[in-house]
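Single-letter residue listing:
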Amino acid sequence: MAGDEDDDQERWSEADAYDVLEDHDVNDEPSPLQPVGPGDVFADVELGHLADPFVGHVIVVGHPCSLRRGIALQPDLPVAPIAPPGIPTSQHGIAERVLPVRKLLPPGTDQNHVVQLTRTTTVPSEALDVGRRVATLSAAGIVALQQRVVGNHTRVKVPSGVIAAHIRGPLAELELWTDWRDELEQNGRAPHDHDDDFDAFMASESSFAELSWRAALAEHEHARGRAVAAMTDELARLLDA
Amino acid sequence: MTNTTTALPQQLRQSPVVAGLMEHAFNRAAAYIEHQGTVSDHHVARAQWLDDATEDFAAVEPSALLAELRSAGLLWSMVSDVVGVTDTAVRKWRKGAAIDPRHHRRLARLSALAALHANFASPTSDTSFAEWLDTRIVPGFSATPLTLLTLNRDGGATRLQPLLDWMLDHVDGEHGEALLDRYLGEQWRGEAREEQRYRIVTDSTGDRILLMEG
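Top line first, the protein sequences correspond to chains A and B.
The first sequence: position 188 = 188 (our numbering), numbered continuously.
Going from the second sequence to our numbering is simple: count from 1 and add 241.
By construction, these hints were calculated from the structure, which means they are not laboratory data.
No residue lacks a Cβ here, since even glycine has one placed at the ideal position from N, Cα and C.
Honestly, I wouldn't trust all of these hints.
[Unchecked claim] Here are a few chain A residues that sit away from chain B, every Cβ distance over 12 Å (derived from the structure):
id, residue
1, A43
2, A51
3, I71
4, R102
5, R189
6, D196
[Unchecked claim] With a Cα cut of at most 25 Å, we get these calculated SDA-like pairs of lysine to any residue:
id, chain 1, residue 1, chain 2, residue 2
7, B, K336, A, V36
8, A, K157, B, R434
9, B, K333, B, P364
10, B, K333, A, K157
11, B, K333, A, A43
12, B, K336, A, K157
13, B, K336, A, L238
I would like the entire structure built from these sequences, with the hints used as guidance.
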């Protein structure tokens, strides 16, 4: 009977809600030394090929593993427009076609916005100039974004803890890379001149069996501390040379 | 009227076995009370230590605190999670930018926790504190001590005591599941069941992918 089938359906509950962005998930003063990554927001990007052409703020929605090969950015990067209007608060944890960002994005707005995930497209990576990056997301913010991206494409809600565990390694690498450049700049060096050395460090053998640091960060959740120490030593050697 | 199923024969009521049983039951209760008192005294002393250390560190420049935390293996994002700011803010403090008192106190509390770990947890390396922050409390769920600290940014030392027992590996501390019940409520168990439906595996091309079970 139809009624019995209905009774067998599991119902949505609060525990099934998608994660939402919190205030401190948005960094509106990102370091220019931070490599482009998921959750980065760029101003004045033209998406003229959309059915309804768009010019404005976009957010990088790609998975951190898919945006780069080694440290080189892919030629095309997936982005989605950030645009008004917002949606009712009661829908913030349910909506799958959009990620509501309230007035957090773009920085300085006085209108509620959403990330329009159904209008996801790609742009050449050169179109995403770091000089026009106006915000980045914290790791928790990126998890919330990725969870909604997967939900939009598949209608599967992956638990945030699973996504966080999966992207922890690549996000740690991006952060270490930023620190690497920052230290070089602090020591009077050109910050981007030793990116290849950073790549070599990430590919070098870690203290986790025969894994590289890149692989260790991906496979071992507690590898971050040792990677920080190893990178600090490596930088010291580089600066002394 | 005597209940025939529970009444003891007279000779058993007066036996040495019964006397021993009663003595040990009394000793157990007394030891428990004494143990509870000892735990309470230890918590009071440790809270005092933590508060004193926090006060001391709150008088230290943020850049110096951050240098120490960095040498203990903490990423700036770990610091920013615990303090409740962006990592850009942390990078600015590192270079001497002003910090508001609330964030300075949270940073000092994190430094005090690192010092507690270094002095009382028998660390095996300089980065043991960072590794402890990133280690799951129970194998089948993603929450770590870092997760619990971000949920208790302004929690007093008393609120942190169960986590500190966990950090210092006291034999009478709560086990992992009880610790999560205390800080996250019992709903974490449902979240853990959801997480356990997924596995992260490395495929034949070396990429790490999610597999959904069942």
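Structure-based check of each hint:
no.: 1; hint: A43; verdict: 17 Å, holds
no.: 2; hint: A51; verdict: 32 Å, holds
no.: 3; hint: I71; verdict: 16 Å, holds
no.: 4; hint: R102; verdict: 17 Å, holds
no.: 5; hint: R189; verdict: 16 Å, holds
no.: 6; hint: D196; verdict: 21 Å, holds
no.: 7; hint: K336(B) x V36(A); verdict: 23 Å, holds
no.: 8; hint: K157(A) x R434(B); verdict: 14 Å, holds
no.: 9; hint: K333(B) x P364(B); verdict: 30 Å, violated
no.: 10; hint: K333(B) x K157(A); verdict: 36 Å, violated
no.: 11; hint: K333(B) x A43(A); verdict: 24 Å, holds
no.: 12; hint: K336(B) x K157(A); verdict: 41 Å, violated
no.: 13; hint: K336(B) x L238(A); verdict: 21 Å, holds
Comparing the model with each earlier hint shows violations of hints 9, 10, 12; every other hint is respected.
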